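Chains A and B, in that order, give the protein sequences.
In terms of this note's numbering, the first sequence opens at residue 807 and continues consecutively.
In terms of this note's numbering, the second sequence opens at residue 807 and continues consecutively.
None of these hints come from the bench; they were simulated from the model.
A quick note: this is a predicted structure, and the numbers were derived from the prediction, not measured.
Heads up, the list lumps identical chains together, so a pair's fine if it works in one copy or across two of them.
Calculated lysine-lysine pairs in the BS3-like style (CA-CA distance at most 30 Å, straight line):
| no. | residue 1 | residue 2 |
| --- | --- | --- |
| 1 | Lys-898 | Lys-935 |
| 2 | Lys-952 | Lys-890 |
| 3 | Lys-969 | Lys-935 |
| 4 | Lys-898 | Lys-952 |
| 5 | Lys-935 | Lys-1005 |
| 6 | Lys-1170 | Lys-1005 |
| 7 | Lys-952 | Lys-1088 |
| 8 | Lys-1067 | Lys-928 |
| 9 | Lys-928 | Lys-1005 |
| 10 | Lys-1059 | Lys-1138 |
| 11 | Lys-952 | Lys-935 |
| 12 | Lys-1170 | Lys-1081 |
| 13 | Lys-832 | Lys-969 |
| 14 | Lys-952 | Lys-1170 |
| 15 | Lys-935 | Lys-1170 |
| 16 | Lys-832 | Lys-928 |
| 17 | Lys-984 | Lys-1005 |
Protein chains: 2
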Amino acid sequence: MENEETKTVPKSWAMVGGDGPRSYAKNSSYQRGLLDIANELMNESIRETLDFKIPCSDSSNICTFRIADFGCSVGPNTFFAVEKIVEAVEQKYHAQFQNSPPLEFQVFFNDVTANDFNTLFKTLPSYRKYFAAGVPGTFYGRLFPKSTLRLAYSSYSLHWLSKVPEEVADTKSPAWNKGSIQCSGTAKEVAKAYSAQFKNDMDSFLNARAQEIIGGGLMVIIVAGLPDGILMSQTGAGICNELLGSCLVDMAKLGVISEEKVDSFNLPLYYSSVKELEEIIKNNGHFCIERMNTLNHPMMKTKIDVRFAVSQFRAVFQGLLEEHFGRDDVDKIFEYFAKKFAENYDSVFRGETHQHVDHFILLKRNID
Amino acid sequence: MENEETKTVPKSWAMVGGDGPRSYAKNSSYQRGLLDIANELMNESIRETLDFKIPCSDSSNICTFRIADFGCSVGPNTFFAVEKIVEAVEQKYHAQFQNSPPLEFQVFFNDVTANDFNTLFKTLPSYRKYFAAGVPGTFYGRLFPKSTLRLAYSSYSLHWLSKVPEEVADTKSPAWNKGSIQCSGTAKEVAKAYSAQFKNDMDSFLNARAQEIIGGGLMVIIVAGLPDGILMSQTGAGICNELLGSCLVDMAKLGVISEEKVDSFNLPLYYSSVKELEEIIKNNGHFCIERMNTLNHPMMKTKIDVRFAVSQFRAVFQGLLEEHFGRDDVDKIFEYFAKKFAENYDSVFRGETHQHVDHFILLKRNID
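Chain A with its partners taken away, still in its complex shape (with noise of 0.2 Å):
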């Protein structure tokens, strides 16, 4: 459809692979935490926003309900987010209307090319109640026939940009981030490159979605962001990937890895405020935003095991780090950052200001 060489991310995007033990399969409770608690809202958001007015788009009398899930990553995360929605809607759609032929669910699994489809069709839950589909490729191009899905649901994906912006990398611009990896908040020039890719893909994203969503189908976000007038390294996640960084930065030291390398390497990463947001969406102009709501997840405020951050942690950077530094260096990094983020452990959990949120956002796609 479109010239995918341009719309290509790499493929270090994809969270760690199969379900061994270092797998996002098996490392993602945060996101997975993330899910319970924004259940009840989307219960909620389905229950009062979605319409059935809209014509079966089906000929025959049986219509379906196409879902896509963009960013779905390995399960067993998006089957219970999956589960969830297929149960609200179906629950709305026999309470509008009694007697009525039920409802086919189709259900779309999208992430980048290199996300590990192969454990996820293995991990399927065998009594689902839709059927089941993978989709290969960025969500930031088109990935679906126009106006054919009517719930779109992406969880904790959109604060991946399509590319590290590239004056960041470019010694000659003043927006050169020399000595972080990360949109620390606190250089300005950075900010703004940052703000700008993240403005662009978030455009890409909802042209994209708003050809491919019927008029009035619903888009359930979840998204990291920042409390208002908080900066990246004041948050948790912020602090640990500053500490990740300080890590790269004292192995170049050692020689044990480039400083060039180290100079060059920034996280496509961006967390994004409401107000931000709202003017992306509503600069955008094909969905109205029905409900913003802010997650504040339980784990922020609980102290938690090194062991268990560090490998949580690995499986989304080690595709990332790996690209950029090479295979062997990656445990040898991760090693580093472990003792230091033990030795560090009571600087990183310092209490209430290190908490990012997220956002819970609902659109609506206008009707043309």
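With the hints as your guide, set chain B onto chain A.
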């Protein structure tokens, strides 16, 4: 949807994954050759039989034309076939409706859950004209919502049974297939058991597709078969299978593999006659036979290299043998097979009577 557990095909049914020298992707030139000779028939079938008067399946003005390949394995054959189908449908559409909005294509690649979808997705053509999705699961059950497919395609997959018929591995049954690993056609009770299983499987396949394909939609089937009045043991494929069986018997006698395992090994394959197929399709009643042709593969008439033949054979049967005999014995089996194949080369390729045929079938879903 259905009880998936009763519908699960063992993982051994999957062709060899990846894209290495032993993969199906690199060892499927027989199957590709079939597409080359079937291509013109397929084109003609679509030109003459496809009916665009059927309303668009979407409420928007844009039509989504959904195609599924049942038993796609890993590319490139499936991509080649799908490209040809899309081209033919587009041509027909544009000839019928000038100045109409473009069709959008959604192509579903189906195979058993153990198929290597990761490789399939990574090798998807970048400039494809369709939205791609992978659908895991056996095609002997439902895989899609009702009336959502417009064209189904299945090439070289339907001669794979959902299971080996139980009687042929039962030492107490008159259908016990002692001394052979296939339905050679010479033992009547064995042939009866295999034929019944095939009938049952084809019927399940047709019933599932009848639900999924829109009234008036097409199904193209290419399936291995027998010329009229010819037994499996008289065909090239049958002779190869017998040779493999005799290798297993030899190796059991030499004490390399267990005799009991050899006795209980049977191929879940059935090659059918035109008459059988016609009868099954007519009795099923959901589809009308628009065309039934015999494809004569040019490769059957040329003497081929032993190494080439063995590697093609291995890409298909490795999983099956591995599951039954264990990984260690598979290398030994194929080494022995290559040796015996070379020694018996002339009798294996002893001329025209050795051919099997492939059937090309075009079905149209009846409008209820």
